[in-house]
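The residues making up each chain are set out below.
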Amino acid sequence: MTSKPNSSVSLRYFLLELAFYAALVMGYFLLVLNFLGHWLLTLYNSNRGLYAFLALALMIVQGFGLEMVTRSLAGWLDPRRED
Amino acid sequence: MVFPISGAHISPLYLIVIGFVVGVLGGFFGVGGSFLAGPALYGLGLPMNFVVGTDLAHIVGKSIVAARKHRTLGNIDMKLGLIMVVGTIIGVEAGAQAIQALKSTAHLDLAVGSMFIVVLLAISSFMTWESIKTLMAQRRARATGQLAPGMHPSGRDQSAISHYALRIQAIRLPPYVSLPDSGIPRISLWVILGVALFGGFFSGFLGGGAGYIRMPCFVYLLGIPTHVAVGTDLFEVIISAGYGTVTHALKGNVDILIALVMHTGAAVGAQIGATLTQFFGGPRIRMAFIPLPLIGAIIVLHGLMARGKF
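Residue numbers (the numbering used here), protein chains in the order written: chain G, 500 to 582; chain V, 1474 to 1783.
For reference, chain G alone in the conformation it holds in the complex:
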């Protein structure tokens, strides 16, 4: 095992990042569930092909979107941290 980095400072920034992230996540998925739920169900029942590609697209967009959010949060909370 290699030497461990200084963990106390990283832990504090991680917890801060987690708190902000949790607030964003809660707001985001409430939005998703309220506005997208019915539309996606309709699409699932009526146009399976479009639903399939939209499902993939939503996951990819969310993947990149959430990564940008976590990177931005990490850089804002701890500018010293290198990624």
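Quick caveat, the hints were computed from the structure, so don't treat them as lab data.
Don't be surprised by glycine CBs; every beta carbon is placed ideally from N, CA and C.
Keep in mind that the hints are not guaranteed to be accurate.
Have a look at the derived ranges for each label pair, beta carbon to beta carbon [claimed, not checked]:
1) G:Leu540 <-> V:Met1609: 54 to 60 angstroms
2) G:Gly526 <-> V:Ser1651: 48 to 54 angstroms
3) V:Val1650 <-> G:Met567: 33 to 39 angstroms
4) V:Gly1781 <-> G:Asn546: 33 to 39 angstroms
5) V:Gln1573 <-> G:Leu510: 44 to 50 angstroms
6) G:Leu549 <-> V:Arg1640: 57 to 63 angstroms
7) V:Thr1578 <-> G:Phe552: 28 to 34 angstroms
8) V:Ser1651 <-> G:Phe519: 42 to 48 angstroms
9) V:Thr1578 <-> G:Phe519: 45 to 51 angstroms
Covered stretches of chain V (chain G as the covering partner; in silico rule of three or more C-beta atoms under 8 angstroms from a C-beta of chain G) [what the hints assert, rightly or not]:
10) 1522 to 1534
11) 1563 to 1571
For chain G, the structure is supplied; the task is to place chain V on it using the hints.
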């Protein structure tokens, strides 16, 4: 809360916590985490066909984040990953077709659940044996001051059974390819495609990216260093899970709302898990992996018994 596409009653908070835990584990071990995510979804009451398809969708977003992290660390053999695409897609489609065939019978839960349990127990048992053997070889090597069999010249990544990988690399079945990023001068293309097909089938049939199949194959059969196997497997998970999401969604097996909610927790977990690989050597990563398939098997068994399927 009711998720209307699958009709399942699941708390969004449970999904986020599951996603976070799976994300950390997935980023650390280079697997999608479906050996825990799938059983967890089944345990929460999601129908088995939706477990397979939804887990695939959830894995796509998570793996993109983790793979990008591993790419910055130089852990992805892109040539290997791209070669495997065809075999992976064929394997995934075969697995998805098997699920469709079982949906029309009453045996879907039992067939998929049983396969899950057998695969997870086999993986855990094999990795226990290999990790113990590797660590014992390391201790003997330290005591004698000599290089142990199968020890990588860098001393950082060792496997006690790498002579099997050398034999597989020596298989004479053209065409051959070289994988310089993995330190493999020559290997049969058919061996790589075989691994891709094998992993793809399990991805399409059991859900997730099948990293728990593919990563051990990378390390023990192809002889790829563990850190490169972790990153390259994550890249391949994107391919298998991406195609698997589309084909299963076309077949009505994906609840994208559940996948989106799980992924919100998994996204940050994956970044944490990927960063942790910098601090542990190959054999220790593999040893820490051992209990996880066992936990997944227990959850699936419990779910089958609770539903009267077993």
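Open item on the list: Taking the earlier hints as the rules, which of them does this structure contradict?
Closed with: 6, 11
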